[in-house]
Every structure is written in structure tokens, then in C-alpha cells.
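Asks: So in our numbering, the last spot in the sequence shown is 172, and the numbers never skip.
It is worth saying that the hints were derived from the structure and are not from the lab. Note that beta-carbon positions come from the ideal geometry of N, C-alpha and C, so glycine has one too. Wrong hints could be hidden among the right ones.
To be verified - Taking CB as the label site, the calculated pair distances span:
(1) R139 - G47: 19 to 25 Å
(2) R51 - P89: 26 to 32 Å
(3) D68 - Y168: 16 to 22 Å
(4) N141 - D121: 15 to 21 Å
(5) D100 - S122: 29 to 35 Å
(6) V130 - I171: 20 to 26 Å
(7) G47 - I171: 23 to 29 Å
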Amino acid sequence: MSIRRGVNRRQLLRGAAVLGPAAAVAMIAQPVLAQAPVLADQEDRNGRATRVVHRYFGILNAGMASADADFSALATVYDKDAVLTQSSPAGVTSRFAGLDAIIGFYVAAWQALHGVQWTQDSIRQLASSVVLSYEHAGRVNQTAPGKCSHLFDVRGHAIQTLDWVTFYPGIP
């Protein structure tokens, strides 16, 4: 035998007395609370990640212009466990894991491309930690510059991953 108890009128009124103000506060606060992550994301959209990317290109260009392939400053923008994936127009994709391997990649690039400079054509922060950059790269008297894009994942002031695609090698 089961016993069913109904809710009496007094219980309903007590519940409404407590729930009513709480619901009103929730309804008023909801738009403000819903915007909080958006506002924080908007602050980051033009913030830290983009500044790290701009510093990265300054370091890349300084290293490529240096007399001795000095890319030591990359340690200030890359995480020690970062991963760089680079794809060439020839369809070759290479992966470099860890700061030493990544700096080794840049030294090898310097040996082949000494003096090349990257100029950002467009930069967009897609999320608080994700930045997409399109660039052209070449030397001063180059006939047609190369074209590439970089997709950065930046967390805690350091690049975690960089996907670099060169889609046009340029004409010397």
C-alpha cells in the first residue's frame, strides 16, 4: 500500500515566497552573467595572445637578419614543450617538438633563407588563445614574395603550438 501526500496550499505559498525573489534575481543577473565570459574573451581577443604573436615575428625577423642565426629569444615566446608543424608548398610536413628542436628548425631555415623578412598582411584572434596570421616573406629585391600563414595556440604568455603553412614559395 502506498501513501500519496499532496502539496498543500500553504507549502506552495512558502515555496513561492522563497523562489520568487531568487528567480527575479536570476532573471536580472542572467544577461550580466552570460556576458562575463564574452567580455573576458573580448579582452583577450586583442590582448595577450596577439602581443605574443607580434613579439614572435619581431624575434623571427631579427634572427633571420642576424649574422649568426641567433634565435635564442624564441625561448621568451615558446613554451619549452611547444610543437611546431611546418608544411611546405612541396607537400612536405615536418613536426618539431620541444624548444631545442624548434630552435634547430629556425637555424636550418636561416641557413637556407638568411635575410628573408616576414611582414604580416592580416592577423585575427579567433579565440582567447588562438591567433591566425597571414604573411608575405622575402628579401628586399625579390621578384615575388612567398606567402604563408601561421596558426598559433598561445597559453600563459607562450606559444604551445604553431602550425605554419607556406603555400607559395615566391620567386627570387
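Asks: A separate judgement is required for each hint: does it hold in the structure or not?
Replies: Comparing the hints with the structure gives:
no., hint, in the structure
1, R139 - G47: 19 to 25 Å, "violated (33 Å)"
2, R51 - P89: 26 to 32 Å, "holds (30 Å)"
3, D68 - Y168: 16 to 22 Å, "violated (29 Å)"
4, N141 - D121: 15 to 21 Å, "holds (20 Å)"
5, D100 - S122: 29 to 35 Å, "holds (31 Å)"
6, V130 - I171: 20 to 26 Å, "violated (32 Å)"
7, G47 - I171: 23 to 29 Å, "violated (37 Å)"
When the structure is compared with the earlier hints, violations turn up for hints 1, 3, 6, 7 and for no others.
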